[in-house]
Amino acid sequence: MIAMKTTEIPAWEFDDEFDGGEETCGRVIINLHLYIRDQDPGRRILVISRDPGAPVELPAWCRMTKNRLTAMQHPYYLITLKPELMER
Amino acid sequence: MSNTFCVTITHCKTDGDKATLGFVVANAAQGSEKQTLVFLSSDGVYCAVPEEMAKIDEGAPFAPLKDLVEKFIKAGGKIYVCTPCMKKRGIAESNLIEGATPAGGAALVEWLSNGSPCVAY
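The listed protein sequences derive, respectively, from chains A and B. Counting with our numbering, you get residues -16 to 71 for the letters of the first sequence. Counting with our numbering, you get residues 47 to 167 for the letters of the second sequence.
Note that these hints are calculated values from the structure, not bench results. We put the beta carbon where it would ideally sit given N, CA and C, even for glycine. Hints are not guaranteed to be accurate.
Claimed, not checked - Label-pair restraints from in silico Cβ distances:
| hint | chain 1 | residue 1 | chain 2 | residue 2 | range |
| --- | --- | --- | --- | --- | --- |
| 1 | A | 25 | B | 101 | 42 to 48 Å |
| 2 | B | 140 | A | 5 | 19 to 25 Å |
| 3 | B | 63 | A | 4 | 21 to 27 Å |
| 4 | A | 31 | B | 81 | 26 to 32 Å |
| 5 | A | 17 | B | 164 | 40 to 46 Å |
| 6 | A | 24 | B | 63 | 36 to 42 Å |
| 7 | B | 166 | A | 49 | 26 to 32 Å |
| 8 | A | 2 | B | 165 | 56 to 62 Å |
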């Protein structure tokens, strides 16, 4: 997946939005984790992170947590929560 | 891929930068759904003492250590505090932040022996 940069929110459909602000590294991850942990599988979250490390960090986080990185155009990331749990 | 992770921290008063970074990484691990243990030893035991952790603030882009520790505990992270290191410094269990547990080397060895990766600060 190519980490294209954009200044406008892509025309993605999503259910909720999480803005990581100017936070970086573990701060973004722990705040995102706490934000989504009680949400249902299948929900699509628009994650905004201006952390220059986000194009590497968020795909790694998705691989570890089995959330799906549906699309990314830094600083915008469309993440589908735990699709495997939804499909069971 | 292991589902556990460990961060050992040996600094607080002696190096607030390392103490802060250790908890940043611990938050990244816990937030990535790794059951994460922070093992505090040597000077690092002060990271679990509220009035001492409150003194560590490295400034932007880092959050104050107190905020990092509290968020780690809120997310379900585990903190073990080296008992002889506490005793040497006159720190009692009642001095520790709620959520931190006095523990010894055996607890750390068991955690790592079960396959947990570990990073040291």
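Results of checking the hints against the structure:
1. 25/A <-> 101/B: 42 to 48 Å: Distance hint for residue 25/A, residue 101/B holds at roughly 45 Å.
2. 140/B <-> 5/A: 19 to 25 Å: For residue 5/A against residue 140/B, whose Cβ atoms are near 38 Å apart, the range 19 to 25 Å is violated.
3. 63/B <-> 4/A: 21 to 27 Å: 22 Å, holds
4. 31/A <-> 81/B: 26 to 32 Å: The hinted range 26 to 32 Å holds for residue 31/A and residue 81/B, with Cβ atoms some 28 Å apart.
5. 17/A <-> 164/B: 40 to 46 Å: Violated, since residue 17/A and residue 164/B (Cβ atoms, about 24 Å apart) do not stay within the stated range.
6. 24/A <-> 63/B: 36 to 42 Å: 39 Å, holds
7. 166/B <-> 49/A: 26 to 32 Å: Given range 26 to 32 Å: holds, Cβ gap about 28 Å.
8. 2/A <-> 165/B: 56 to 62 Å: Given range 56 to 62 Å: violated, Cβ gap about 29 Å.
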